[in-house]
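Number of protein chains: 2
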Amino acid sequence: MKLATYFRSSAAYRVRIALALKGVSCKPEFVHLLRDGGEQHGAAYRARNPAELVPLLETDGGDLLTQSLAIIEYLDETVPEPALLPGDALHRARIRAFALAIACDIHPLNNLRVLQRLTRAHGQTQEAIDGWYRHWIMLGLPPLEAMLAQSGHNGPFCFGTAPTLADICLVPQLANARRYDCALDAFPRLLQADAACRALPAFAAAAPEAQPDAA
Amino acid sequence: MKLATYFRSSAAYRVRIALALKGVSCKPEFVHLLRDGGEQHGAAYRARNPAELVPLLETDGGDLLTQSLAIIEYLDETVPEPALLPGDALHRARIRAFALAIACDIHPLNNLRVLQRLTRAHGQTQEAIDGWYRHWIMLGLPPLEAMLAQSGHNGPFCFGTAPTLADICLVPQLANARRYDCALDAFPRLLQADAACRALPAFAAAAPEAQPDAA
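If you read the sequences in order, they're chains A and B. Under my numbering, residues 1 to 215 are what the first sequence spells out, in order. Under my numbering, residues 1 to 215 are what the second sequence spells out, in order.
Do not take every clue at face value.
Any copy will do: because identical chains look the same in the list, a pair fits if it lies in one copy or spans two.
To be verified - Derived pair list, reagent style DMTMM-like, types lysine to aspartate or glutamate, alpha-carbon separation capped at 25 Å:
1. LYS2 to ASP181
2. LYS22 to GLU39
3. LYS22 to ASP88
4. LYS27 to GLU145
5. LYS2 to ASP88
6. LYS22 to GLU77
7. LYS22 to ASP130
8. LYS2 to GLU127
9. LYS2 to GLU52
10. LYS22 to GLU127
11. LYS22 to ASP63
12. LYS27 to ASP181
13. LYS27 to GLU77
14. LYS22 to ASP60
15. LYS2 to GLU29
In short, the hints are calculated from the structure, not lab data.
Kindly produce the complete structure, drawing on both the sequences and the hints.
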């Protein structure tokens, strides 16, 4: 397999974690989102992924898969162990809801292209952009903490004693929160899961700072 | 089951379609997103859904489920027919990627709370907001059209002869596009799927204008 990735992309980071947890070896293909106006906008990449976003997974059969959560569900269906969506339908719904609360309600608003649009077309200053970024994180994290409190699990991971799709989405989001100096003390369950994950080799290997394309 | 819904919410619209396709009867609970500063922000609703968003599905067992795509996957796992994610892992990945390209890359940017934030905290005029809204739609639709072109299916639905999760996400998004006068001529495959869907009773029953809480 081959993964189009950028070290700082949260969506690529999620797929890197899933691949590492599954023990699937994958050749990275580095797409620099800032160089030359963004390599994801170049004709060669656009022909393979018209959305001009990372990640993009190329399977051994040459199929091109987009969207981090769709890629991770695909990996979970084709390489079942360890299960990233374990349990019954209700448990899986809770894990997916947690993941989507990050992937739909926080992350898209803070994506690079959105910040660029706010600057270039809507005249926002860097200070305003930073406020926007923190706003969506600090609005999005309390419901996540509440979901874990209501789940009846005591960790150390989001939904029990092994990492799931929920943890895979949480860790990159908290990395972004720290990068923008968001105060995280009010989220002990999220911090516990994050720490448990980051102690695992699969999460460590997938981290932005461990990528060959990190600045 | 009970569904917290608002007629104009795209995410609630998706779940209404899925419920109708599955033939699952569900009592609506109307949450007006604009009245009294937004009923989703009231204490009673917030206690049930800390994210202060619709939809919220309450199962017959009293479990509370959030996030439209997680709810639909739950319905698909518990009420298998008709399958909303049919086929093998690759086919399912394509359907999910299409759905997520709407649910992550377009819809979150045009959500009510985002438009309110742009107005209230970032000084954007109505004209600027309308431009923002159309920008994300017109950036997001071409990759969707390309995904269908590359899929090898000839319709009439997104991925073959029956509607899937992809169609469930497409129809509400195109309704929004029309509401903001976006030109859709360049997307014949999307329009074909949309028309095929809207001719089905399940989609018609779920439409915003068919809801009791429509203005």
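We went through each hint and held it up to the structure:
| no. | hint | result |
| --- | --- | --- |
| 1 | LYS2 to ASP181 | neither (33 Å within a copy, 40 Å between copies) |
| 2 | LYS22 to GLU39 | neither (29 Å within a copy, 43 Å between copies) |
| 3 | LYS22 to ASP88 | both (21 Å within a copy, 19 Å between copies) |
| 4 | LYS27 to GLU145 | neither (35 Å within a copy, 29 Å between copies) |
| 5 | LYS2 to ASP88 | between (32 Å within a copy, 21 Å between copies) |
| 6 | LYS22 to GLU77 | both (11 Å within a copy, 23 Å between copies) |
| 7 | LYS22 to ASP130 | neither (35 Å within a copy, 44 Å between copies) |
| 8 | LYS2 to GLU127 | neither (38 Å within a copy, 43 Å between copies) |
| 9 | LYS2 to GLU52 | within (17 Å within a copy, 39 Å between copies) |
| 10 | LYS22 to GLU127 | neither (40 Å within a copy, 48 Å between copies) |
| 11 | LYS22 to ASP63 | within (19 Å within a copy, 31 Å between copies) |
| 12 | LYS27 to ASP181 | neither (33 Å within a copy, 43 Å between copies) |
| 13 | LYS27 to GLU77 | within (21 Å within a copy, 33 Å between copies) |
| 14 | LYS22 to ASP60 | within (16 Å within a copy, 35 Å between copies) |
| 15 | LYS2 to GLU29 | within (7 Å within a copy, 46 Å between copies) |
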